[in-house]
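Student: Fit chain G to the given chain R structure using the hints.
The listed protein sequences correspond, in order, to chains R and G. Number 261 in numbering that gives the first Met the number 0 belongs to position 262 of the first sequence; there are no gaps in the numbering. Number 304 in numbering that gives the first Met the number 0 belongs to position 305 of the second sequence; there are no gaps in the numbering.
Treat the hints with care, since some could be wrong.
Any copy will do: because identical chains look the same in the list, a pair fits if it lies in one copy or spans two.
Stated by the list, open to error - The list that follows gives simulated cross-link-like pairs (lysine to aspartate or glutamate, EDC-like), each with its CA atoms no further than 16 Å apart:
no.	residue 1	residue 2
1	K273	D439
2	K149	E381
3	K126	E36
4	K43	D259
5	K110	D148
What the hints contain is simulated information worked out from the structure, not anything from laboratory work.
The residues making up each chain are set out below.
2 protein chains.
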Amino acid sequence: MKSRIILNAFDMNCPTHQAAGTWRHPDNQAWRYKDLEYWTDLAKLLERGYFDSLFMADVVGVYDNYRGSAEVSLADADQVPVNDPAIQVSAMAAVTKHLGFGVTCSLTYEKPYLLARRYSTLDHLTKGRVAWNVVTSYLYSAAINLGLDKPVPHDERYNLADEFLDVTYKLWEGSWEDDAVIRDRERGIFTDGAKVHPIRHKGQYYSVPGIHLCEPSPQRTPVIFQAGASGRGREFAAKHAEGIFIQPGTVEQAREVTDDLAKRAMQFGRTRDKFKIFTLLTVITAETDEAAQKKYEGYLSYSSGEGMLSLFSGWTGVDFSKYDPDQPLEAVNNDNSIRALLELLVKIDPNRRWTPRDIIKHRSIGGLGPVLVGGPKKIADELERWVDEGGIDGFNLAYAITPGTFEDFIEHVVPELQRRGRVRTAYEGNTLRENLLDSDSPRVDDTHPAARYRGAYTGAESVADSTGPSPFASLIAAE
Amino acid sequence: MKSRIILNAFDMNCPTHQAAGTWRHPDNQAWRYKDLEYWTDLAKLLERGYFDSLFMADVVGVYDNYRGSAEVSLADADQVPVNDPAIQVSAMAAVTKHLGFGVTCSLTYEKPYLLARRYSTLDHLTKGRVAWNVVTSYLYSAAINLGLDKPVPHDERYNLADEFLDVTYKLWEGSWEDDAVIRDRERGIFTDGAKVHPIRHKGQYYSVPGIHLCEPSPQRTPVIFQAGASGRGREFAAKHAEGIFIQPGTVEQAREVTDDLAKRAMQFGRTRDKFKIFTLLTVITAETDEAAQKKYEGYLSYSSGEGMLSLFSGWTGVDFSKYDPDQPLEAVNNDNSIRALLELLVKIDPNRRWTPRDIIKHRSIGGLGPVLVGGPKKIADELERWVDEGGIDGFNLAYAITPGTFEDFIEHVVPELQRRGRVRTAYEGNTLRENLLDSDSPRVDDTHPAARYRGAYTGAESVADSTGPSPFASLIAAE
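Only chain R is shown next, with the shape it has when bound in the complex (with noise of 0.2 Å):
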């Protein structure tokens, strides 16, 4: 049997996500970031399309290398101005019923306490259909203003983000148990405080002693998405996450990161089932092959070459400015970023030296992903092809214009997926979970390291053992 081909939307609260100088497309949309009516919208949009999940960007940050300054991205408006990922969410929840939501947060700056307690909520208003996407920040702009004087080193940062996700999942999944909340009015007990647990953490980076202060939501954790690229995040995608997403250049490359993700889970005892991958890709599409290649086209000339550049300075942490538009990258090889980056994009074009100048000729669309342009048939036959032969689940697709990309997208593209069985034709699960892994339950599986502490206080300490004597016992109803 064909597996499922699972569909993500990949957006941001912001002008521009990936693709440069398309905000001056007279079809986008983009600029509407800020209307509700955008959001929802979209949400029932995706929803009609079977989409699994609209997945938001998000940064805390400029991208203010490219030339010392923002100026380029702020003319651009690359990824500035940039608003808050999760407080739309609710809206768009109201108006669907089975599209899931990904939310970016970088634990970065967060307090785990007070990121548990959103994360809950996002989770129980949607009921059941969050995920979030754990990112640890990378951006100067955003440590300097807030409170740091540079970013936390990148293996201290899966440090502190193990030992954060280590206090959450004991907030969520331990802390109240299933039926702390028994809502008796008879007895006049909403909560039985035996079965509520403080959680007593006391580690590295954090102190969080207490008890979580939401009642269990429909997946108590949320689905957990991550984005890691090294080694480093590779591995703590492969602990974590039940939603990875890469950046492959071809079919080649992607086969060996799900191979590579697939045997680091083995490591944690996670099979390859109880995660899904998806890679970013742009897709580009029309009734047929001339229309969809004259669409791109289109886009293109609306691009930005240096608001490309700004992404990808951003991105790198290279200031691309410095260098000859027209020298082979492979010659600034004193940097680790540039051949990071050298590597990725030699794999989507081994023929081609690139230089800066090929960066904006040829990567104006889709960012760090492929782009896939062509009608119904052509992009099913390449889509089908990442998923068989690449080892990945499914795709989070950039827009070039929104939501025209996605709209073209579920017009032309999922009927010819669906007529050939590879994408749903129903939601058949209640939440994002249990919909996304084909899941009968919405709770993370028992080889998941949130499982661990399922059940893990009970019969420990809870609240109710440290409760005083009552002065006022004849009153404990109403008098």
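Tutor: Same frame as chain R, but now just chain G:
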């Protein structure tokens, strides 16, 4: 001309807000706080009743000092479990046009850079209908779970709050000029970097050198709400707040507080029309006085004595279980909190020698605010007296049951007050600030401390200043 009476609904993202035990009442829907429909229905109801705003309270800890644990709070669901108050706002905004949303957030545990973004996002998505209820946290149980050994001392909390607000004002009012976002498709300029300014804040508690992440929202600075009872709290409110929430026991005490606030505000150059004062109140009403009284008694029969003492213990920091239920509180004079509470209780009823048991008997509905019980005429008379003699502008209406208490008020009292010309029959302004302050601008007035940063950076350092030369001049538009 008689002044307009402003109505706010007081709610919280939890099963019990002020009236312990009434979650057991069959008509009380408060336990549905996890359902978006509860919130969207409530928002629509309040807008039909011409309320100015829904005010969402919050705590980030639990009330655990009564009898030495949170067991009673949990049993009675007294403000625990408690979800994040900001998440459901966008769903409510999507089904209303005018209602404002006051969202509580304790700055004690937040980073100003991220909080500023969250409220800008709320303001954008609600089209200017958001207020920030500024809170500095008092709960020990919050502090220890959020990385502190103990709560920040009271006066230091306000120094920190002053600087926190200063940082957010700089971001909201100063960082982006009004015409920074030009969205000029021809020239390819979304935001003009010359009109975006780093705030370069370096203070005692916070360092925020960068630019705000968000473009200017309709109100820029959200409407500032504050509830400060202490001298330092009142000074803070008089300086910053546009909506001040007070908890006097009587009309006479309200007069004292409003006069004091007006005097304090004058020292900051602010006249009385620049902020509105609301008193906490619970109104139980029906067609007739008798029917209202019967309803009230029905609610009382569901109240929880120990739950109420648990709430009072949380609010005052005093474990009431340590005292003889029948010992007058005036005999327990070794504690400042008790004395402050006693002062309040005595003002509510000077003829009573208040004991813990009296608190249970007479404060089970209404918490720290007065309770009015009666038919439309009696209630309207009383509300007018509070406003006309007490010098307040309106009410922060708590519920005994929800949405029942609000439904009754809107069905019986609002029409009566409209007939008397005291409650609005239409929303005149577009934003919360315009409606609340009867102002013709959505922005803070010139005497507000945020106003000093309006245009403050124009002509000063901008994002464009430091931009280096472009090696891609020919590529600034698309190639």
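Student: It remains to establish, for every hint, whether it holds in the given structure.
Tutor: Results for each hint:
With identical chains, the CA atoms of K273 and D439 are at most 16 Å apart within one copy only, with a shortest distance of 12 Å there and 57 Å across copies. In the homo-oligomer, the alpha carbons of K149 and E381 never lie at most 16 Å apart, since the shortest distance is 43 Å inside one protomer and 59 Å across protomers. Within a single copy, K126 and E36 get their C-alpha atoms only as close as 21 Å, which misses the 16 Å cut-off; across copies the closest is 11 Å, which meets it. When the C-alpha separation of K43 and D259 is checked against a cutoff of 16 Å, the pair qualifies neither within a copy, at 36 Å, nor between copies, at 52 Å.
In this assembly of identical chains, the alpha carbons of K110 and D148 lie at most 16 Å apart only when taken from different copies (15 Å versus 18 Å within one copy).
Consistency note: the structure conflicts with the earlier hints numbered 2 and 4.
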